[in-house]
Amino acid sequence: MEKVLFKYIDEPEQYRIENYIKNGGYRAIQKVFKDFTPEQVIETTKQSGVRGRGGAGFPAGLKWGFVPQNTGKPIYLCCNADESEPGTCKDRVLMERDPHMIIEGIMIASYAINCHHAFVYVRGEFVYPAYRVELAVNEAYEKGYLGKNIFDSGYDLDIVVHTGGGAYICGEETSLLSSLEGRRGNSRIRPPFPAVKGLYGCPTVVNNVETLASLPSIFNNGVEWYRSHGTEKSPGTKIFSLSGNVNRPGNYEVDLGTPLSYIINDLGGGIQDSRKLKAIIPGGSSTPLLMPDQIDTPLDYESMAEAGSMLGSGAIIVIDDRACMVWVIMKLMNFYAHESCGRCTPCREGTVWLKQIINRIENGDGRKGDIELILDICENIIGRTICPLGDAAVMPTRSIIEHFRDEFEYHIEHKKCKVKTDYPFV
Amino acid sequence: MILNDTTIQEIKTRMVRYPSRRSAILPALTAAYKQTGHLNDKIYREISKIINIPYVEIAEAATFYTMFPKKEVGRYLIQVCHNISCSLRGADNMLEYLQEKLGIGMGETTPDNMFTLISVECLGGCSAAPMMQVWDTYYEDLTRGKIDKILADLHAQAEKDGD
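Just so you know, the sequences run in chain order A and B. Just so you know, we're using the numbering used here here: the first sequence kicks off at 1 and counts up by one. Just so you know, we're using the numbering used here here: the second sequence kicks off at 1 and counts up by one.
Rather than coming from a laboratory, the hints here were simulated on the basis of the structure.
Every beta carbon over 12 angstroms from chain B, so not counted as near; a handful from chain A, in silico: (1) 7; (2) 12; (3) 23; (4) 27; (5) 35; (6) 114; (7) 143; (8) 148; (9) 196; (10) 228; (11) 259; (12) 307; (13) 310; (14) 388; (15) 402; (16) 415.
Straight-line distance between alpha carbons at most 25 angstroms, and here's what the computed SDA-like set of lysine to any residue pairs gives: (17) 71(B) <-> 334(A); (18) 49(B) <-> 181(A); (19) 149(B) <-> 111(B); (20) 148(A) <-> 13(B); (21) 34(B) <-> 2(B); (22) 368(A) <-> 334(A); (23) 71(B) <-> 106(B); (24) 7(A) <-> 255(A); (25) 3(A) <-> 23(A); (26) 146(B) <-> 100(B); (27) 416(A) <-> 96(B); (28) 233(A) <-> 222(A); (29) 197(A) <-> 21(B); (30) 101(B) <-> 423(A); (31) 149(B) <-> 128(A); (32) 101(B) <-> 424(A).
Every residue gets a Cβ at the ideal spot worked out from N, C-alpha and C, and that includes glycine.
Isolated chain B (complex conformation) (with noise of 0.2 angstroms):
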């Protein structure tokens, strides 16, 4: 089992406030992606066998929304908002600056699987732009010293977690 008891709860706590148990799919996705960072074919049949429904309508699903990396990411996954609020003041250049701050480049994950970097459209920050997203956290108004201390901060944290 992937999935823990934690995440099976949630689940299955969610999935008693719909009429369908159907509606339960993408909360039950949320829960899962959560726990674990991504979404997989193994995660697909867990999540089908705790809400009944059939493997294929799960994967059907998830593989429609974006915003579930459906292969593994590094520890933080930066999500760079580079729609057209952001890019008129600056996410273009901050993207590079990301990319060569962290020595990769888009979509890849530092080798000391800290950061993996990708781009995305709109995140609904735009008038605080520019900004990023890291897991569940969004950061705004950014500049280079702004990320400079995310990144430190980020780092720092991996560290008293003992990673």
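Next comes chain A alone, as it looks inside the complex (with noise of 0.2 angstroms):
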């Protein structure tokens, strides 16, 4: 199977500029430079079908065409690396090891909707990536590449790097937005978009890593080439964060349409300690779980959600059967109550609320009407937020009580654990 984020992965110096150039690296924008409009970028970026890759899914080239040509305000573009749900770990890989693909598709995206200052939010915890960002930001700039008229173009481009302090919320766009602009990570009511009014009142664009970074090879090689990779719906290739119980976890970039068993199975070489697979958590941990009889499904959006899940951001972690799954919820639960921005009432008092009865059950104090109590909760939370952690935290649950109601009922009537979890340090 042809890599194409990963190409190069391997190779130890691929970071430096010199080498990315050695590769092939910054012909795209050369090329965009000299061959299409803005409007021909966009509408490449359409055809070529790029959905992003942090979770949503949304057409990229779409996403582009929203933002207003004429407001007189600047535009700005947002490079989203705070990855920080649990399970996904792609956009380290890239930053750390090829970030001048991120930066090349950073210049591509922002020739095609007029931004010439663009920003890089790294999560505060990635400081080694965050660091090899900026150096190639810098070598960008030594070598011309940034700040005015770029390879003689007469387009100007900066390109600034900033850290984040530790919020998962600050992936979610808005949240994004107005952490970067010095405030609480709290999210905006929408509309207004970003696209129309986003960081600092002006029109703005925000793009996951690895969506930017599948830039460069679209425009090096063509919408047909692209296309060839993936499904008719799902096109390209995607990196999936392979977690949890198998004997190789790591980071994989397949077509999309790959079964789910080669990640598992064939990449991930199979359940760790040669147990017995119990769930599957897909697509990050806000997802609904997959059962064992859905190790064969497609890896694109369309089949994901046939099969009542999500692509999301192709976090695949895998569940064996040592695990409990109030444990499993519990954990997932402990993540959102701690991390919602606390601004939407249902978000802020229901994760808390749905945590402390999920802890309360699996420390064997579960009472009679608890699994009804947390689906109500879970109703009162799910589509009544600002922004989609509410829905991040009650789509698991759900999933796990629908799936494993029989350890929670186990659980609430012996005060304990129907399958004691125990994975052992070594």
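Using the supplied hints, reconstruct the complex from the two chains, each of which is provided in its own coordinate frame.
Structure, rendered in structure tokens:
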């Protein structure tokens, strides 16, 4: 299977500009400046069918097309590198090992939307990835690839690397903008959408690292080539972060539409310690479960939706039969309650309430009616918040109860786990 | 003054990169935290003067972000990821091992002020679990043996630095 984003990922010095150029880097942007108008860049990106790789899967070219060009205000581009969802660790690899690919993608996207000032918002804990991106930005400036009149195109572009403060919610695009403005990372009501009123009240596009990194290959090789990867509705390749109970966890790039079983069994080496597969969280911790009989589901946006889940960020968390599913959802709910920004009451109060009930059940103090209470709280969170964090907390909770209700009932009745979770640390 | 010249210069250098100086709040907090290891009211006031934004706005931003400790910690801050991907590979037992090894509970600092141990939500090292972070450095695919060596190396580093 052809690697696109990870083509040079194992070359130790790929992060240096000389090696990126040697391997064909910065040719796409020069081609874009020479042969494409901004409108043609948007149209080509639309035709390529590349969709947002951060989780939502919104077509990138379509998003750029929403940016108004006649407001008299500057237009901003934000590269979303605030990778924080449990299971997701793909953008970090690109930032550390091939940061110029991201920068070239930012250049292409900026040109398309007429942005002259772009930002890379990196999660605060990613000190080393942020260092590598900043190093790459500095190298690009030194070479004259950023700043004024880049590649003699008459186009000016500045890129600023900005690090966050360890808040998951800042990966949500409106919270990211609040944070980048120096405020608490609270989400904002849409509309107005960021494309119209975003950073500093100006038109803004927020694109994920992997989305932007996909652009140079599209413009180097053409739409037809890009669409030869993946499926008709989900073209291209995608990086999947494989974690949990597999023999070889890691980040793997495959064509969209590749069966989930290929990642888990062939690339990941199968289930750890020859245990039995119990469940899979397929697209980051916010996505509903897939069960073992769904392991051959193709990894594309449509097939995952048909299977009752989501492709999300492509973070596949594999759970074997040693895990109590009450324990699993406790781990996730502790996360969502901690990371809620607190702006919307259903999310702020609801996630904490869910956390308390689930922890109580896990600790052997479950009460009759707790399952119904959990589902009722879920019903009062989902769809009632400004951003999707509330939904992200509800979806795996409902899914785990749907598939493993017996474990909750056993826990409540017997005051202990049906399966005692105890993963050894060697 | 708590912030030294290097930190102040770092803040000023970053400030000019933004269309609005308010955007320099997080970079300023990061620079301060890197120097001091924690943040407090006095630091907020100093930052407030450097970037000319009211103190309360610095404080309200700082308190939102969990990455910055708000009280003093030991020489080395150990943050252990205990979310799902790490827990499926033994993070809970790893936390117990660290507590036993350091002789402290969660959130505590060793009596020699060398280590503070806390657990954190996802650190984005899921495919190399279990993992932990000591200040800026990630340590991944951890085992008991690796942890023993990391702690010994950090002790040796402290001795070398004369502390």
